[in-house]
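Those protein sequence lines, which keep their order, are chains A and B. Everything in the first sequence is counted per my numbering, starting at 1 for the first residue and increasing by one. Everything in the second sequence is counted per my numbering, starting at 1 for the first residue and increasing by one.
FYI, nobody ran anything at the bench for these hints, they're computed from the structure. Worth double-checking, as some hints may not be accurate.
As the list claims (entries may be wrong) - Computed from the model, here is a short list of chain B residues facing chain A with C-beta under 7 Å:
hint, residue
1, Lys10
2, Lys50
3, Gly64
4, Ile131
5, Trp143
To be verified - Straight-line alpha carbon distances no greater than 30 Å define the calculated DSSO-like cross-link-like pairs of lysine-lysine that follow:
hint, chain 1, residue 1, chain 2, residue 2
6, B, Lys50, B, Lys126
7, A, Lys15, B, Lys10
8, A, Lys70, B, Lys68
9, A, Lys15, B, Lys126
10, A, Lys35, B, Lys126
11, B, Lys76, B, Lys126
12, A, Lys15, B, Lys50
13, B, Lys10, B, Lys126
14, A, Lys15, B, Lys134
15, B, Lys134, A, Lys35
16, B, Lys76, A, Lys45
17, B, Lys10, B, Lys76
18, A, Lys35, A, Lys15
19, A, Lys45, B, Lys10
20, B, Lys134, B, Lys76
21, B, Lys134, B, Lys68
22, B, Lys76, A, Lys15
23, B, Lys126, B, Lys68
24, A, Lys15, A, Lys70
25, A, Lys35, A, Lys45
26, A, Lys35, A, Lys70
27, A, Lys45, A, Lys15
28, B, Lys68, B, Lys10
29, B, Lys134, B, Lys10
30, B, Lys50, A, Lys35
Just so it is clear, CB atoms sit at the ideal spot from N, CA and C, and this is done for glycine as well.
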Amino acid sequence: MIRVLLFARLADLAKARETEFECTEEGISLNDLMKQVVARFPALKASLAQPQLLFLAMNQEQAWLDEQVKDGDEVAIMPPFSGG
Amino acid sequence: MIDSVHTQTKAVRIQTEDFSVEEETRLLHGGDGGMGGIVTFLGTARDFSKGQDVSRLEFDEYAGMAEKAMNALRDKAMQQFDIINMRIIHRTGSIGAGEQIVLIIAGAAHRAAAFDACEWCIDTLKQTVPIWKKEITPTGEFWVEEHP
């Protein structure tokens with residue numbers, strides 16, 4: 001399973017803070033995983049269509065769309081930060 | 001009990017409860033006679049935003065990664081600037097207008113490095129630490145996504 005976490009505005013839009021996806025042995029690209037997230041949460045379509053405005057992380061480290069996600073990974077999809 | 005005391009003395013923390021600037025400054029100084037300047041940045045919750053009243057802020061965070069990013073920030077500041085010590089405390093949860101949100105304290109032998117480190121740290125925190133604030137106003141709730 002791949003665990004996907006959503007935060008702030010994205011969690012509100014999806015009405016979910018986390019979800020899980022089945023994963024094959026060879027894994028899936030982060031880009032393809034994002035498409036599966038949109039299929040599950042259509043309300044995220046517009047936000048995830050502009051990944052350059054998002055911050056992506058895999059296992060709590062910054063990640064890029066062409067990276068491969070494997071079974072057991074934790075992926076976070078985050079809007080721009082606004083702490084402080 | 002020992003754990004909770006230890007937690008409160010950690011130089012980098014995310015917590016819902018308020019913090020004491022005086023106590024954090026005392027911990028930063030730690031009786032170091034070589035410290036000649038301490039610069040404090042204290043971020044507080046404004047009661048207005050874009051012409052609207054804001055009654056309180058609600059914070060979301062990526063627990064674990066946020067603390068890791070703040071620790072990395074302190075490590076980098078300690079390497080990059082000629083400072084002796086730094087503390088970074090960020091509150092989350094629900095914070096009323098006027099309350100304290102974030103504290104960054106830098107102590108150095110001379111003031112210039114402490115000013116530079118403090119400014120760099122709050123600017124970088126806003127861009128690299130996965131924390132988000134939502135403004136609660138009379139007309140609705142709005143996530144903030146820019147870095148003023």
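Here is how each hint holds up against the structure:
This hint is violated: B/Lys10 has a C-beta 18 Å from the nearest C-beta of chain A, more than the 7 Å allowed. Interface restraint check for B/Lys50: the shortest CB-CB distance to chain A comes to about 14 Å, outside 7 Å, so the restraint is violated. Annotation: B/Gly64 was flagged as interfacial toward chain A, and the flag holds, the nearest CB pair being 6 Å apart, inside 7 Å. About 3 Å separates the beta-carbon of B/Ile131 from the nearest beta-carbon of chain A, less than 7 Å, and the hint is met.
Proximity of B/Trp143 to chain A holds as hinted, the smallest CB-CB distance being about 4 Å (cut-off 7 Å). A C-alpha spacing of about 19 Å is found between B/Lys50 and B/Lys126, which places the hinted pair at or below 30 Å, so the restraint holds. This hinted pair does not check out: A/Lys15 and B/Lys10 have alpha carbons roughly 35 Å apart, beyond 30 Å. The hinted pair formed by A/Lys70 and B/Lys68 meets the criterion: a straight-line CA distance of about 22 Å does not exceed 30 Å.
Distance check on the hinted pair: A/Lys15 and B/Lys126 sit about 25 Å apart at the alpha-carbon level, within 30 Å; holds. Of the pairs offered as hints, the one joining A/Lys35 and B/Lys126 holds, with about 28 Å between alpha carbons and a cut-off of 30 Å not exceeded. Between B/Lys76 and B/Lys126 the CA atoms are separated by roughly 15 Å; this keeps the pair inside 30 Å, and the hint holds. A threshold of 30 Å between alpha carbons decides the hint, and for A/Lys15 with B/Lys50 the separation of about 27 Å falls inside it, so the pair holds.
Among the hinted pairs, B/Lys10 with B/Lys126 is consistent with the structure: their alpha-carbon atoms are about 21 Å apart, no more than 30 Å. About 16 Å separates the Cα atoms of A/Lys15 and B/Lys134, which keeps this hinted pair within 30 Å; it holds. Restraint check for B/Lys134 and A/Lys35: the C-alpha separation of about 27 Å stays at or below 30 Å, so the hint holds. Note on B/Lys76 and A/Lys45: the hinted pairing is violated, with a Cα-Cα distance of about 36 Å set against a maximum of 30 Å.
Taking the CA atoms of B/Lys10 and B/Lys76, the gap is about 17 Å. The hint holds against a cut of 30 Å. Restraint check for A/Lys35 and A/Lys15: satisfied, since their Cα atoms lie roughly 17 Å apart, inside the 30 Å limit. For a cut-off of 30 Å, the pair hint linking A/Lys45 to B/Lys10 is broken: about 41 Å separates their Cα positions. At most 30 Å may separate the alpha-carbon atoms for a hinted pair to count; B/Lys134 and B/Lys76 meet this at roughly 28 Å.
The straight-line distance between the Cα atoms of B/Lys134 and B/Lys68 is roughly 22 Å, inside the 30 Å bound, and the hint therefore holds. Annotation: proposed proximity of B/Lys76 to A/Lys15 is violated, straight-line Cα distance about 36 Å (limit 30 Å). Our distance criterion of 30 Å between C-alpha atoms is met by B/Lys126 and B/Lys68, whose separation comes to about 14 Å. Of the pairs offered as hints, the one joining A/Lys15 and A/Lys70 holds, with about 25 Å between alpha carbons and a cut-off of 30 Å not exceeded.
At roughly 9 Å between alpha-carbon atoms, A/Lys35 and A/Lys45 fall within 30 Å of each other, so this suggested pair holds. Of the supplied pair hints, the one linking A/Lys35 and A/Lys70 holds, its CA atoms being roughly 16 Å apart against a limit of 30 Å. Simply put, A/Lys45 and A/Lys15 have alpha-carbon atoms about 14 Å apart, close enough for the 30 Å limit, and the pair holds. Taking the CA atoms of B/Lys68 and B/Lys10, the gap is near 13 Å; set against the 30 Å cutoff, the hint holds.
Distance hint between B/Lys134 and B/Lys10 is fulfilled; the C-alpha atoms sit about 27 Å from each other, no more than 30 Å. Restraint check for B/Lys50 and A/Lys35: the C-alpha separation of about 35 Å exceeds 30 Å, so the hint is violated.
Figure legend: structure checked against the earlier numbered hints; hints not met, in rising order: 1, 2, 7, 16, 19, 22 and 30.
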